[in-house]
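Chemist: Chains A and B are the protein sequences, given in the same order. Heads up, the first sequence is in the working numbering, so the first residue is 1 and it goes up one at a time. Heads up, the second sequence is in the working numbering, so the first residue is 1 and it goes up one at a time.
Don't read these hints as lab results, they were simulated from the structure. Accuracy of the hints is not assured; some may be wrong.
Pairs count within a copy or across copies, as identical chains cannot be separated in the list.
In silico PhoX-like cross-links for lysine-lysine, where the CA-CA straight-line distance does not exceed 25 Å [what the hints assert, rightly or not]:
1) K291 with K181
2) K91 with K293
3) K181 with K293
4) K243 with K181
5) K291 with K91
6) K243 with K64
7) K293 with K269
8) K276 with K291
9) K151 with K276
10) K131 with K151
11) K293 with K151
Listed here are the chains, written in short residue letters.
2 protein chains.
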Amino acid sequence: MDKPYVVGMDMGGTNTVFGIVDARGNVVAKSAVKTAVHSDVHLYVEDLYNELMPLIDSVGGISKIRGIGVGAPNGNYYTGNIEYAPNLPWKGVIPFAKMLEEKFEIPAALTNDANAAAYGEMTYGAARGMKNFIMITLGTGVGSGIIIDGKVVYGHDGFAGELGHTNVVRENGRQCGCGRKGCLEAYASATGVSRTAREILTSTNKDSLLRTIPVDSITSKDVYDAAVEGDEVAQEIFNFTGKLLGEAFADFVAFSAPEAIILFGGLSKAGDLILKPVMENMEKNILNLWKGKVRVMFSELKEADAAILGASALVWEF
Amino acid sequence: MDKPYVVGMDMGGTNTVFGIVDARGNVVAKSAVKTAVHSDVHLYVEDLYNELMPLIDSVGGISKIRGIGVGAPNGNYYTGNIEYAPNLPWKGVIPFAKMLEEKFEIPAALTNDANAAAYGEMTYGAARGMKNFIMITLGTGVGSGIIIDGKVVYGHDGFAGELGHTNVVRENGRQCGCGRKGCLEAYASATGVSRTAREILTSTNKDSLLRTIPVDSITSKDVYDAAVEGDEVAQEIFNFTGKLLGEAFADFVAFSAPEAIILFGGLSKAGDLILKPVMENMEKNILNLWKGKVRVMFSELKEADAAILGASALVWEF
């Protein structure tokens, strides 16, 4: 292969990490720049160029690179634009793929981070060989990448796959960051888990290890640590979170009949604590024809490299 | 075109209708046989052959026919089998496409009726030119055909698109025919509408034209007729049905970002009585980015021919 490498870039609100990836999914070089410090996106691209070019040169120069794949918040695959991303310093519509192509003179593509994770899983991870699966990222928010017939579902406008914003609690649902109430994200994200902890601790007198932590600063990691110690309130929090996820998954299956649902992100580190209630409630709520047939599994990408790998996988589609 | 015609066949529990269709969607000849009377599927195919061949001969013989498309309950596009259809006289797995191919010696394909309706709408109806839409059939049940990038979504097993069996009422939901509770179908089907009528009439003392009908035999048509007369209870029934549909549609949009949702089947004849509350509640519940952007519309296929056209459209995919 005369162009044996791709670049994967994961743009977060604070940092942007990127790396050079080979066809087997090895990250052969990586680095990072700050995102938030650049109020002008052109200076940010300049900064990227200065950090990334030495890595590119270290593998033989730009002629060895097939392209750049970017996972970015509110990234639109169809247009290559970042559109009105609330957590980035640049407002409005940024033609980011085009800016990279002009700067590096190689093809660039972008998508949102959850779709990038799905590409990564399909190319290098747990979904190798699968053509129909759903990737659920359980992080600060709840993201999703839906794969049907081996392709990410973008819909008519490029923004399909917002499963974190399907409704799971119709009456008196929690306020979600999107402005609506009762979204899956308001419950099954890391912040959702903290909120559940707060609700249970302030509305009951149950004993819990979590009571040693100020109630407004309990993190999902604290809940995990307590659950591992056998804390019943912490386990109840995971059971509640898993119940809402499992019920939602049963409906997702009715839509696209995936072979598997793959969990990624902070909360998936809870292992069986989250997987057990998810499976149990998905099975309880799923149509008979799918009972026992849809797997729920964890990402198999190494966490430190997952975001870079996911974004890089976009380029192999070129 | 040396094979200018296709056959479309719609298999119902009672009757099977079929016709010869040209590339512009004209049904140039049609007929029907009874489904339910044949306890042996081979005799049913024999009967079909005897009724269909004269039509085929009338357009120039089998050499003019590209293939046969079938819409059948529990029809699996991948395998060509009808699998465990509760409303058909033949139990288990019936290799129906293969049986037709052997009998007629032309290609045959089958899918379920809702997917066939989606193909029909895309080929000849309201969805011409659309590549991303969702077809919702509001009949005895609630069926769905999901089109993404111009193709029906079948999922990993051929059974994707069971949106009538997504949950819309999580607590104390109505019993659904599928064995679970709270499915969209238990509310938004014709029988669901009858149940809503029964519930309101027996739990309140509200005046209504519907009180002249025995409460157990009120049909969705009765509710429509009363609503047109200005009956408030009947209008309340449509508003309730439309609310649940609209809320569900908001979640469907979050999945596949369709350009439109197209309504087909008996209940869609209620026109604005159902469309208005659907639109209102979809808009109220949809993510901001899609507000005002997703159309809800009615099928444009002539009702008498729609099932044949839908099934026939399958064949143009060959």
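Chemist: Now tell me, hint by hint, if it's right for this structure.
Modeler: Status of each hint after checking the structure:
1. K291 with K181: Between copies, since 16 Å is at most 25 Å while 30 Å is not.
2. K91 with K293: between (44 Å within a copy, 22 Å between copies)
3. K181 with K293: between (32 Å within a copy, 21 Å between copies)
4. K243 with K181: For K243 and K181, both the intra-copy (18 Å) and inter-copy (16 Å) Cα distances are at most 25 Å.
5. K291 with K91: between (46 Å within a copy, 20 Å between copies)
6. K243 with K64: neither (48 Å within a copy, 56 Å between copies)
7. K293 with K269: Within. Shortest intra-copy distance 24 Å satisfies the 25 Å Cα cut-off; inter-copy 38 Å does not.
8. K276 with K291: within (15 Å within a copy, 36 Å between copies)
9. K151 with K276: neither (29 Å within a copy, 35 Å between copies)
10. K131 with K151: Result: close both inside a copy and across copies, 8 Å intra and 15 Å inter.
11. K293 with K151: Answer is both: 21 Å inside a copy and 24 Å across each meet the 25 Å cutoff.
The structure fails hints 6 and 9 (numbered hints given earlier, in ascending order).
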